[in-house]
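Asker: Letter by letter, the chains look like this.
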Amino acid sequence: MSYQKYYVPEQSKYPIYLAIALFLLVMGAAGTINDLGKTESNSAYILYSGLAAFGATLYFWFRAVIREHIAGLDSAQLQQSFVFGMAWFIFSEVMFFAAFFGALFYVRNFSVPWLGGEGEKGLANMLWQGFESSWPVMSTPDAGSAYVLADKNMSWPGWGKALMWLPLWNTIVLLSSSVTVHFAHLALKNDNKKSFNRWLGVTVALALFFVGLQALEYYEAYAHYGLTLNSGIYGSTFFMLTGFHGFHVMMGGLMLAIMLSRSVLYNHFDPHNHFGFEAASWYWHFVDVVWVMLFLFVYIL
Amino acid sequence: MSAVIESHGHDDHHHGPAKGLTRWLYTTNHKDIGSLYLWFSFAMFLIGGVMALVIRAELFQPGMQIVEPEFYNQMLTLHGLIMVFGAVMPAFVGLANWLIPMMVGAPDMALPRMNNLSFWILPFAFFILLSSLFMEGGAPNFGWTFYAPLSTTYAPPSVTFFIFSVHIMGASSIMGSINVIVTIMNMRAPGMTLMKMPLFVWSWLITAYLLIAVMPVLAGAVTMMLMDIHFGTSFFNAAGGGDPVLFQHIFWFFGHPEVYIMILPAFGIASHIIETFSRKQLFGYSSMVWAMASIAILSFVVWAHHMFTVGLPLAAELFFMWATMLIAVPTGVKVFNWVTTMFKGSITYETPMLFAIAFVVLFTIGGFSGLMLAITPADFQYHDTYFVVAHFHYVLVPGSVFSIMAAVYYWIPKWTGNMYDERLGKLHFWLSFTGVNITFFPQHFIGLAGMPRRYPDYALQFADWNAISSVGAFLFGASQILFLFIVLKTVMGGKKATPQVWEGSRGLEWTVDSPAPYHTFTTPPKVSL
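Each protein sequence line maps, in turn, to chains A and B.
So in this note's numbering the end of the first sequence lands on 301, straight run, no missing numbers.
So in this note's numbering the end of the second sequence lands on 1529, straight run, no missing numbers.
Hints listed in this document are in silico derivations from the structure and should not be mistaken for laboratory results.
All figures in this text were calculated on a predicted structure; none of them were measured in a lab.
All clues given are correct.
From the derived model, a few chain A residues whose C-beta atoms are all more than 10 Å from chain B: (1) 59; (2) 130; (3) 162; (4) 163; (5) 166; (6) 168; (7) 187; (8) 193; (9) 219; (10) 224; (11) 248; (12) 254; (13) 262; (14) 301.
Footprint (simulated), chain B over chain A, 3 or more residues, beta carbon under 8 Å: (15) 72-81; (16) 144-155.
Cβ coordinates follow ideal geometry from the N, Cα and C atoms, glycine included.
The whole structure should be built from the sequences, with the hints applied where relevant.
Answerer: Dropping the structure here:
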């Protein structure tokens, strides 16, 4: 049986650098958040240095892995490790979103109805007796000054106004981008690098467009709807779910943009040898599926 | 299982370890990283143990003698967090690093650099957590379960640092688990099918799956806390339409699989040791695998048994009661299999076997008190009493921790090439065994009598058993110094170990030299049954 050696680098400095970068990042982030509203705080500098170190280390680490690949150090078995690794990483991301979707399920089906006096634990209504359960809930049980209530929500406005409704356009843009990234993949498999670059470029453009639309939606929410993180549980779930999704779109878009620049600038990837791109496209499809769930459970239902 | 090695260890491209500190900082070697994890875990075990002794010293007598109640709460919280995330979990990851590549015939872990990253995040994460002791308002004081609103509205400012340290601990666990799964799925020697894998490998495959499934949920929970505290959201605040009970649901959706994460590798270890020292093949290998898988699946649908008194709908209380009791079935399968393995075996009682037998007996006691707690109406009496404390310490200390110690004694000849001092090992076992039972058995009584957990003071009628429990805790704590001494002595020297080490040991790791060469299985061995 022929056997290719499994490449294990003798030593590597990247992990410890990344650990130090993470340390700076979270110390800086925690300090900055705790010092919000204070005029004198240097924590933000720790945060920025952590971010810079994090980005730089990742850059050099990935560059090393790509060079090892080009040098042919990685056996088919090692490449299979990357495939498994990416798949399980995406599974962990699925579970991260599951926590937030679970919270949404719970508040919609249990805590808000109970606070409104419905269901088995409707006794909770005696806490704030005027509160009525509805979804999207536009008021808060305690209407004190802690909350700034929204005038409008982001839910389905009815067929008449559907075309003016941003989330529908967001959906169209993101679903199309999943199709275009698939076209890019097909082009690559057919050894058509030109077409690959073009479709991948379109995908990155759509990603940017999506982020732009999302920014517009947040602006609308804050400036015109009065819908903020502070407007009770509807605002909390809305912004956390769409916000984390938006953040993942940015990460996925960044991955795709890096793959595009690798292809355009260094002519990386060939029909049989492109897991870097494939991993990024898996991530992109995952982000897309999360959006479909968001569209259903946050916007439509 | 018998294994035939075709060739290994004769590869002149590979060197020994690098010299100096960089060996540990830059290493990609699964054995080095395993040792780092194990030493880190032991350091955390001592720090968390000292905190436990502060608690027990305060509880030696009723009234407040030694610490302020605020500081007591911080000790209580940090003890739990450090023991769970800093001692038990890293110890199992360390064992996984040392053993899984050798057991499946792989040259190293699948993603060696990420492996190093998974470890080096931990010292920083625990530095942040421990540094919170010196921050304004003190360390986290809301218990290791950090229930909202104690951990949100009423938390000290250091909670922000706690949240971020949990985030990076989670990242470390997820990366470590991805590594374990990929190693097992992708790096097994030819011929080692899934159902020929050693049980420790199986137990870790299932554990790693649980970790990847629930650590992100924990990350979600602490993120919601962060947003509630600093950015005005209302996830855990009923005034804004959320619910503090939502926190408990999310936390225990993570927390219940988490407690199985801390016991499943122990099942794997016990199976190997009992098999070896009974000089028999393990009884019911495939049922052991299915039992662990069933326990893992069930762990996702039992979480609310931690919350029976919080005001759940009746249907939920019934469902979670029955689902919880179902776990007794696969767990019973495992216990009976261990006992049947020992039945009519030629048993000798070396230190690992003593720890393993104590594990089976005492873990079963903890399991039975778990069954009592699972009965919803009865739980209204037991909930948040010392009975719960006794229950989970029985499954965690003579359960998880004993299995880790058993594993260290069992495999340390393979790691160091030296036999440990059997006389001292047995002394360590008997001191630990006595100490642990004196500490935790009386807590069943004071719990059933109604002493609530987490309080720094208690009513006079609980005084006697508390005093006894504290004496046991100091005995157990002191005997771990002996453990440290035995391990150091073995590292320094001792009787040379043979490759096989134990008469009855089977598996690939026993086919390589003792100490195991720095690089094992650079070409895969052939496995035949």
